[in-house]
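These protein sequence lines map, in sequence, to chains A and B.
Residues are numbered in my numbering as their position in the first sequence, beginning at 1, plus a constant of 473.
To convert, note that position 44 of the second sequence is 38 in my numbering; the numbers rise steadily by one, no gaps.
Check each hint, because a few of them may be wrong.
Claimed, not checked - Counterexamples of contact, computed for chain B against chain A with all Cβ distances above 10 angstroms: (1) D(-1); (2) T9; (3) G110; (4) R158; (5) A225; (6) D229; (7) I264; (8) N276; (9) G284; (10) D291; (11) G297; (12) L348; (13) L407; (14) H418.
To be verified - Looking from chain B toward chain A, a few residues come up when the C-beta cut is under 7 angstroms (computed): (15) V61; (16) Q66; (17) G71; (18) M72; (19) G82; (20) D83; (21) A87; (22) F98; (23) T102; (24) G105; (25) D112; (26) L273; (27) I307; (28) S385.
What the hints assert, rightly or not - With a straight-line cut-off of 20 angstroms between C-alpha atoms, the simulated PhoX-like cross-links for lysine-lysine are: (29) A/K576 x B/K268; (30) B/K113 x A/K514; (31) B/K46 x A/K576; (32) B/K294 x B/K46; (33) B/K200 x B/K46; (34) A/K514 x A/K769; (35) B/K421 x B/K156; (36) B/K233 x B/K268; (37) B/K254 x B/K268; (38) A/K769 x B/K113; (39) B/K46 x B/K113; (40) A/K514 x A/K576.
It should be emphasised that the hints constitute simulated quantities derived from the structure, not laboratory data.
The beta carbon of each residue, even a glycine, is placed where N, CA and C say it ideally should be.
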Amino acid sequence: MITLWFVIIAFLWTGYFVLEGFDFGVGLLAPFVGRTESERKQALQSIGPVWDGNEVWLITAVGAMFAAFPAWYAGLLSSFYLPLTLVLVGLIMRGIGLEWRGKVTRPSERAWCDLFVLLGSALPAFLWGAIFADVILGSGVAALVGGVFSLAVCVLHGAVFLALKTEGRVRLRARRAALAATAVVIPLAVVALPAIPAGGSVPGWIAAGGAMALLAAGGSLIWRRREGWAFAATAGAIALASTAVFVMLWRAPLPGLTPAEAASGPYTLGVLSWIGLAILPFVLGYQGWTYWVFRKRVMAA
Amino acid sequence: MDALDLARWQFGVTTVYHFLFVPLTIGLGVFVAGLQTAWHRTGKEHYLRLTKFFGKLFLINFAMGVVTGIVQEFQFGMNWSEYSVFVGDVFGAPLALEALLAFFMESTFLGLWIFGWDKLPKRIHLACIWAAAIGSNLSAYFILAANAWMKHPVGYEVVDGKARMNDLWAVLTNSTALAQVPHTVAGAFVVAGGFVLAVSGYRLLKDRRDMWRGSLRAALVMTAIAGAVVAGTGDMSAKLLHEQQPMKLAAAEGLEHDTKGAPFSVAPGIEIPKVLSFLATNDFDATIRGTESLQADFEKRFGPGDYRPDATITFWSFRLMIVFGMATVGLSVLGLWLTRRRRPVPGWFARTLLLALPLPLLAVISGWLLSEMGRQPWTVAGELLTAASVSPGVSLAEVAISLSVFTALYGGLAVAEVVLLARHVRKGPEEPPVPAEPLAPRREPSLMY
Chain A
474 MITLWFVIIA
484 FLWTGYFVLE
494 GFDFGVGLLA
504 PFVGRTESER
514 KQALQSIGPV
524 WDGNEVWLIT
534 AVGAMFAAFP
544 AWYAGLLSSF
554 YLPLTLVLVG
564 LIMRGIGLEW
574 RGKVTRPSER
584 AWCDLFVLLG
594 SALPAFLWGA
604 IFADVILGSG
614 VAALVGGVFS
624 LAVCVLHGAV
634 FLALKTEGRV
644 RLRARRAALA
654 ATAVVIPLAV
664 VALPAIPAGG
674 SVPGWIAAGG
684 AMALLAAGGS
694 LIWRRREGWA
704 FAATAGAIAL
714 ASTAVFVMLW
724 RAPLPGLTPA
734 EAASGPYTLG
744 VLSWIGLAIL
754 PFVLGYQGWT
764 YWVFRKRVMA
774 A
Chain B
-5 MDALDLARWQ
5 FGVTTVYHFL
15 FVPLTIGLGV
25 FVAGLQTAWH
35 RTGKEHYLRL
45 TKFFGKLFLI
55 NFAMGVVTGI
65 VQEFQFGMNW
75 SEYSVFVGDV
85 FGAPLALEAL
95 LAFFMESTFL
105 GLWIFGWDKL
115 PKRIHLACIW
125 AAAIGSNLSA
135 YFILAANAWM
145 KHPVGYEVVD
155 GKARMNDLWA
165 VLTNSTALAQ
175 VPHTVAGAFV
185 VAGGFVLAVS
195 GYRLLKDRRD
205 MWRGSLRAAL
215 VMTAIAGAVV
225 AGTGDMSAKL
235 LHEQQPMKLA
245 AAEGLEHDTK
255 GAPFSVAPGI
265 EIPKVLSFLA
275 TNDFDATIRG
285 TESLQADFEK
295 RFGPGDYRPD
305 ATITFWSFRL
315 MIVFGMATVG
325 LSVLGLWLTR
335 RRRPVPGWFA
345 RTLLLALPLP
355 LLAVISGWLL
365 SEMGRQPWTV
375 AGELLTAASV
385 SPGVSLAEVA
395 ISLSVFTALY
405 GGLAVAEVVL
415 LARHVRKGPE
425 EPPVPAEPLA
435 PRREPSLMY
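Same shape as in the complex, but just chain B (with noise of 0.2 angstroms):
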């Protein structure tokens, strides 16, 4: 155990950590917005409660995902200080303009509508809250774009042993970026989508009104949609594999030989013969590139050492994740045809639905294994390897004490959480004062801060 070992643990942990909260910020915000949208347009109270309701369950996961994110740009500096050095002058540029571009956006209009509730002109509240949510998946965007120049690094020369950027719109549009940043954003909404749909399914259960078969209907459609985008992206990305980072592609599929009309394999021992060429390269009989002859190249290329990722993990994260991606959007599409034309939610339906919480972070997370743990062991492609990246100052007590710290005090958030979120959600939305009349004039939002 040395302290590389521990920062590759503190990054695993922080970084997993962190996006259990950021899916739900990109998919919650939007689907907010979009609930006040309909109050603003319709002016029908449900909206209304449903959006003060699911927006406070979404601001106490949200203050969850601004934390652990400053440790996230942190972590590179003090961790990782070789690697820092080697890539700031092209990983750095997009960190930069997401904090300026996306940040500044999100907190200060959040902070708006938290706290704007009575003081802004309607419509400008609305917009308030609408371009937080555009701030969060623009973001999403900028570090995506970061990420995939790890494993795909474009627009960019090395000189005297750092990398230097040369070319920022190459690094913007990466083919990698454009497949893995709608792949992603469309899996956070999955995510969303699966909340909504166990808090709704829950409330459904427990006072049976009919708000909450909306809020229901809405996040399936939600799911459904972004489970295809899902699909389609993963495709594309798969397809990317096969041409950028073969060795990942073969290591997901536990394939040592090249093989000509390669098989899928959904477990090990049972194959479907020729799925695998097609799906990377759409031709049933192309030849997928196996571990061994890559890592023959690989050592050709850069000397001994093993190139190849941790075969277990790649290889059952990718069927995990397709696994419980697939469960998700399979309970949304079953939930379309069981609510059809005004049919009732059934109620064995809607406690299946409870599913829908953990299956699609399982997914995502998985996901991230896949493609972080599958690009080992480099940390930028073909340059820089990730033993080579960590600060060679820094000692193993202190990584350990920040690794311990970091762990403790992120454990006791994690369950903080689910208590308040739980209390919040058992509760229910706020009773109106006065019970809705149709002549009535329209009760004025309270401060929900």
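Chain A extracted, bound-state conformation (with noise of 0.2 angstroms):
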């Protein structure tokens, strides 16, 4: 049971940052792809009706932690805390700014949303990097490579997304941007990556080699302007580099920590098993219709 329910958190989280992930790189790429109102407008409109029901991944690993393993949630908000701070103030800014530059009226307002919504996609998509490198390696330097190659594997991702998703010079900005992006991640990976199962298991380095070749193929698939079969690759990158994490962090999701010590008593994992996996159908199916409703590229205003 702990193991199960170790395994929901750790595909919580992995959901939260391959769809958060795109949000943070449309979020930073939106200023830079839109040179004018109403391309950035389109930008930002591709994830408009799902960056929120994205966050609420976050807030589900969350709520589940505290449920499950309420030492490990506990321990790990309280020892991060002037980061995690930081992290609800680039949420903050991120959803005010996202939900409000289409009600404000003035160019001036427009520009300080738009400067909130940078600011809060760059914050959290560096910092969860550098919280969990932290918490594997338990050094400063890693979590510096950590937070960025995090912070650029959402650029990425959040490019190949754009490019994806919309029609026109932002696609082929987008597209170019992912280029770059591609440039700065591969070396970046083969330094990152490689760190996560160093000392680990056979599955860590697996997930791990993964994430690297999804990479690499997500880089040439774009060049190759195969779109969809590239965002595929970049969310099967994050999605094993997350794998790898929660692969190191059974062992011990703090320093110090055991699952079974951290976790809760088996009725209320029990209890909770029942209700979440008749659930999880539900919001799997309602949230990926959402996508299907929206299948259509955004064109500029």
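With the hints as a guide, bring both chains together as one complex.
Listed below in structure tokens is the structure:
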């Protein structure tokens, strides 16, 4: 039961990184791929209907940690106090920027919203990588590399998503951005990915190696203008990198803590399993349906 | 001043602030869904315009509720790690269920509603706003069940110094929660009703159009009905307080000694004989415990310490909650009478309705202060003290930094939200591009985001 809940939480975090990864990337790239107001709006509209639902993956992951592994939840959140304060500030700025952008009436206010979206995407994209790298490797350098790597991967993932979901100039610029991001991501990945499973088990190495291969594949697919496949590759790369992280965390979710020590009692884990497994298919179903409804490329207004 | 004090201030500031936006989300979502349903069923143009107008105000406010809510979920672990470790097994369950059952539904279907005006069949699009509104209301249930458990813990046992849940059903059907959920949700509908009243009153003064009389009447009905529910469930809560949280009841009344046929004090020195006993038990002669004798009991059970909540805050928040709440409901009942049988809305009344915006907000905030300050010195009644709940590893400086950052950011955003809402209210709904003619084909809804 403890194993099942660890897997569920790993799944929720992984879903969060894959889905918000491109939201963050789009938020970071919007001012650059969109030179005019209508192009910026077009870029942000690609994530408009889905970003809030994607963010709930985080809320659910953290809520599930609270319920299933209270000591992990409490230890992680209280020991990364200031970084998480900044994550929250970022998420506040991003949410407000995205929601209010279409409601404000003056260009100067819209510029503020754009800045909020940019900063609010950069902060969590960097900090989540830094926090998890610090938990596994326990050093400031690792945190810095992990943060820069996750920021760069989000830019790549977001650029590929924009190339897939938009039309016209934004799409062309997004493709160029994706190629440039690939050139930055690959060397970073060579440093960052092997560090995750170092001293760890075979599954960790397989996941990290797979992530490496998929990042390279993503770059080459976007070069060949296979945008759908490129997106699948970057999504898969993030999923595998996250898997490698959680394979390592399974041994110690926090230094000196094992999953069994952190876990709730069997009653709580059991009853939540039944409810969770009954509800999750519906959630995946209607979230998937949202992507289907908004499957068309977004045009410039 | 230590980290505990600042952590408490941070909880107070962020939670009160969060709850300025939440009730509007809960109530206004249903109101907008109702307007769209009216449009769907009658096809009348003005319902669509009202839907979009109030929908826009709803979304401006919704964003604030969402982003300030994330802080809440993180705050337990960041500032209150000892609390989190103690309660996670029980308290975490409704939080996880809230995210899984309510937040996914709310956010996903709201995204579909905002961007789906010209992409979804009308019926499905209408269903989306209802699903989002139901999601908001469901989330209220789960978080209030968690909150009720802090005041009246049930369905658990303490093993190795941690609470272990042994009955989820008991947690979800906690009598305290069953009284608190309708009380709080109905309070949210009063807030939303008050908001619509103030906005409609203002618009009516400006352009005197019939549709504002319509939204005003609907909000009057909503506020009056919700007000009745608030009063009824408030009475239930008072009776539960008598059984479950006698200290809070005594502090809220400033009652120091056990009293048979206890009076209700309107203000210090002004008392109505026997009414408190009646409110708490339905019996005019029942004995109500006082703070001093309860304090003696608590010391016997839990050892030395002060187990009395802050007398001033508890006493006055209770009275302000009642006064502000009754004033709002009074306004709505007066309005129903003034506008009965197609009578127009008098100008002076439309102006007075501006009060319907702040009054219920002050009432719900007072209610929360009573509920949570009256819970002190416990985080979990009888099990865990607030002083023992705080994160041991978090320094004063860290809490000071996060408290100042959130306060500054929240302050700025509050100003921005008020300016933005006021601007959209002043501008009014978008004018239809062509004057509506009886035979013209119905205008396609445009993208509103």
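Any hints from earlier that this structure breaks? Give me their numbers in increasing order, please.
3, 4, 13, 14, 16, 25, 26, 27, 29, 32 and 35
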